[in-house]
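2 protein chains.
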Amino acid sequence: MASYHKPESKTIQELKDIATKLRIHSVRATQITKSGHPTSCSSMAEIMSVLFFHTMRYKVSAPRDVNNDRFVLSKGHAAPILYAAWAEAGLFPTSELLNLRKFNNDLEGHPTPRLNFIDVGTGSLGQGLSVAAGMAYVGKNFDKSSYRVYVLVGDGESAEGSIWEALHFASYYGLDNLCVIFDINRLGQTQATSLEHNMEVYRVRLEAFGFNALVVDGHDVEELAKAFHEAQNTQGRPTAILAKTFKGRNFPNIEDELNWHGKALGANGDTVIQHLTSLLKNPGPLALHPQKPLVADAPIVDISNIKLSSPPNYKLGEKIATRLAYGNGLAKIAANNSRVVALDGDMRTSTFSDKIRTVDPSRYIECFIAEQNLVGVGIGMACRDRTVAFVSTFATFFTRAYDQIRMGAISQTNLNFVGSHAGCSIGEDGPSQMGLEDLAMFRAIPGATIFYPSDAVSTERAVELAANTKGICFIRTSRPETPVIYKNDKALAIGKAQVIKTSSKDQVLIIGAAVTLVEAILAADELAKSGINVRVMDPFTIKPIDAAGIIKNARETGGRIITVEDHYPEGGLGDAVLSAVAGVRDIIVKKLAVPVVPRSGPTAVLLDAYGISSRSIVTAVHEILKL
Amino acid sequence: MASYHKPESKTIQELKDIATKLRIHSVRATQITKSGHPTSCSSMAEIMSVLFFHTMRYKVSAPRDVNNDRFVLSKGHAAPILYAAWAEAGLFPTSELLNLRKFNNDLEGHPTPRLNFIDVGTGSLGQGLSVAAGMAYVGKNFDKSSYRVYVLVGDGESAEGSIWEALHFASYYGLDNLCVIFDINRLGQTQATSLEHNMEVYRVRLEAFGFNALVVDGHDVEELAKAFHEAQNTQGRPTAILAKTFKGRNFPNIEDELNWHGKALGANGDTVIQHLTSLLKNPGPLALHPQKPLVADAPIVDISNIKLSSPPNYKLGEKIATRLAYGNGLAKIAANNSRVVALDGDMRTSTFSDKIRTVDPSRYIECFIAEQNLVGVGIGMACRDRTVAFVSTFATFFTRAYDQIRMGAISQTNLNFVGSHAGCSIGEDGPSQMGLEDLAMFRAIPGATIFYPSDAVSTERAVELAANTKGICFIRTSRPETPVIYKNDKALAIGKAQVIKTSSKDQVLIIGAAVTLVEAILAADELAKSGINVRVMDPFTIKPIDAAGIIKNARETGGRIITVEDHYPEGGLGDAVLSAVAGVRDIIVKKLAVPVVPRSGPTAVLLDAYGISSRSIVTAVHEILKL
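One line per chain: the protein sequences are F and S, in this order. Numbering follows the UniProt record's numbering, with no gaps: position 608 of the first sequence is 608. Numbering follows the UniProt record's numbering, with no gaps: position 165 of the second sequence is 165.
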């Protein structure tokens, strides 16, 4: 280990003063807005002081520089002290801190990447560590660079299972460039945390999870500086600094007291500021400045304009599962861009994310059965445009990470989700494995793009489009083999539906996707025998949905639409189509969807039993023609 | 500790034979259906044999008897061996096992409570332990009964954070009536688990999490029997039995080999069955039978017909937050029924679940910041109708437990969810704390009932109705104070909307709830000044939605509807209304909703900025009148 040099006493005093200044800023800002979490800020003031003015290496003027050390504030409610640290470091005037929580000011109640020094939004607890682990994985394995990743976790949020998923991931992959600091201030919102100040339990648990675990006095800048030095010089495993702290530290009559969570100090504010000010040995300008990165060894990468290495290569009518086509598409874009990576939760042979390993095994990251961490790591890996990441599992298991996905939207992440085994068409495994609410879940994510490709050709194109589309993308794939319906050179676009079957005498527009598109085509053929012509449409994307195309075709078919989807009736294709035509008079829509929790059984039996087979569509056409 | 008597050698041999029989059943059933997880069954055969024929006490003829020991198979994919154990115990003929996974047979791919010996559906991994902990909490603290709770967890799923949340909960509350068995068979679906057979790491982690941790040879029935005895006699903390096992145990050329997850044995089936049969020392009928409960000490409880202890008591126009009214209603039903309980994740002073503590502190269960476990424990507490449980946190944090909620529907749970802090109306805390996708999430749950009460009176009635409604109920509450609009004796019903403002000249129907209903009323008053009359409706429940009432009122108002909701545009009130009118020609709908990730700011500013204020409604009315 590089030998440790105790900081000069002048430095130590200045770090103490900075901590006090950060406390003062946190109190002042929350006093003005009359809300926020000053006591949660105060417990971590020395940690922030030492990190930002002694340990971390970063360019204040370029917070997103790829060579900077990263910092994630997992306990996002302590945002005021994070803002204060960057202001004191010199990024913006400290006077700006007083605009905390004002509408249209980016210093929001919890941090978001609207600020250039924030990589991910936090505020839903227990998520920062997974993100930090994703960043550290990239730093160690893809960037192979010197930057380090720091993440500050609250003791309250350490009850979240996602924290333990992430700890296990970090130690399993030996992420020694990751340092997690637990701010153990004993108090939650409504009562003491379950472990209070039982530091030994924390130490034993962190050691058991493979960390170099160091217990320190979190208000002692010297102990902190020494622990961070040890973390920097520990190889092969990540370090956890377990900082014993007090909530509301140095706030007279408030420190370590209950009932002070999440509120401004009110009438106590002046006394507290007065007391804090009295603690400053040197209230003047800072002599200490943040340290710049020692080397600029992170590579320049280009993740723009990603293309399939070769066009889709299928035969019309050939039967291929869209999940397999996902794997093919993934491998093709991975062959063309070294920053395409895939993550999965022990499902790679079912989702076919496996295929990326044929191109480069190192670009597959096994996250085991821990979907929250899978998604969090993916968000971390996509940060600062370091990778184009695809995370996959069964569509329904993304429900496990809905909070992470929701926060991903706030984080402006560019992560691609691929959910296989959509709907009851998976068959015998039964309802626990069927994705029947995934479209509802992703549709309610602002800015998300949802692909529901119906064949292998369009699936490969969906992968290519997703790789180049900002924001959250979701690709829904199916287990059964379905026929190829598009020529290999078919041009497909986001928000553009395709008419699959049409005549001038069509009386109904049927919209289906994947297995239900197949059923719709069968129904159309069946109906044609009795002289009823229907039009069949593949939406390709569910969000955005091709409103103009749907309205035009609905008007040409008597204003009658039938949607048919392998999904519950709420929030999916049917609701998307209803929204598209909501403002047009004289269009009616009949939704066919899975109405109840399905049973186990063969695919064809289930599609028919739950009313989304060709037989059900034929019946629905007869019914809608009578309305 | 009660002294341990080694079972007679005849018993030991019979337990071994039963394990072999269970293996044979598992192989035979999956051979016929050509799918399933025989190797995952085989690793746990001795565990099942000892539990079901030596350790557990239960009435085979009455699987849901309240005095029975409980068993939860967290690794639900091993369903065939669970079915086999009950068949061998005598509940149904073993020949029935061959109907595994057939459509309309209840022996599904993963267990569901369609079977009378299953309390909860499993199959999404990592959830069984929370449920079991909830059952054990009830057994210890409310039933104060002798029954014990056993849960079998796979090693693959022990990577799920929810497992570690549940472990912490169980040890924190000293649930010594809980025994968790880890079936550590080394292999996941696609590769070895991260910890393989590193038993010492498991032991240290479980001890660190407060368990009595016992490492055993999971194929040695005698070691297992002894460990279960120790678990039964350990007080003050739960026991974890860490069973070292082999996947595909006793399947020649398959045992401990990769690539045998989740598939029938195909051409190897006959050889395997032949080999297993050769291991049977006594292939004839069983001499061993399950043990009945020693005592019947679980109380008879009545959770039917629950009423508020006194009617709502508010003044018209008085401003009360619906979240506070939830607390009032909860306390009132708790006063009337001793089995009403409330669980929360360190938010009780914000959600007002706190109020139950004024009635009986013991009926509040603090689950700390671990929402997956919060929901899982709630499902466990509601099992077998032992309690009427309400779980609460911020509406948006239920996204953390969407997988548990989804599985709750499969589990036919009767759990009540209360999500506070709906929408951007929460103000300065910012988007991470705002419930903007909760309606979409719960609408896509089959059979769910969704209440979105608009004032204090209707909130108390929603609580009362939810307590008496089977299935999943969700009550959405708001942070700001809103005026009381209903008289205290107002009759409210599920699926019945209320018209709040009406005239014979209404030109538009406006549907809003809570904060947006207030805005709708303001807009109506404003529009009336310029001679435009609009009708205002409170839907009360979003699922089921009052389709007949909406269609009738829409027809009376020119077929024009405006929905206004503090939620993202997808999956919420607007989509519910669209679905209600989908089949009616000549009705148009304009959805007002929060279109983007909001910012921090004052409530009124945010409602206006995101287009759901009275001003936006007035504009929308003018627009829709032009269509």
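Since the hints were derived computationally from the structure, they do not count as laboratory data. None of these values were measured; they are calculated from a predicted model. Don't take each hint at face value.
Because identical chains cannot be distinguished in the list, a pair is counted as satisfied if it fits within a single copy or across any two copies.
The list that follows gives simulated cross-link-like pairs (lysine-lysine, DSSO-like), each with its CA atoms no further than 30 Å apart [said to hold, decoys possible]: (1) K6 - K140; (2) K315 - K102; (3) K590 - K140; (4) K59 - K626; (5) K552 - K505.
Do the hints match the structure? See the list:
no., hint, in the structure
1, K6 - K140, "within (28 Å within a copy, 54 Å between copies)"
2, K315 - K102, "neither (58 Å within a copy, 34 Å between copies)"
3, K590 - K140, "neither (53 Å within a copy, 51 Å between copies)"
4, K59 - K626, "neither (70 Å within a copy, 56 Å between copies)"
5, K552 - K505, "within (15 Å within a copy, 34 Å between copies)"
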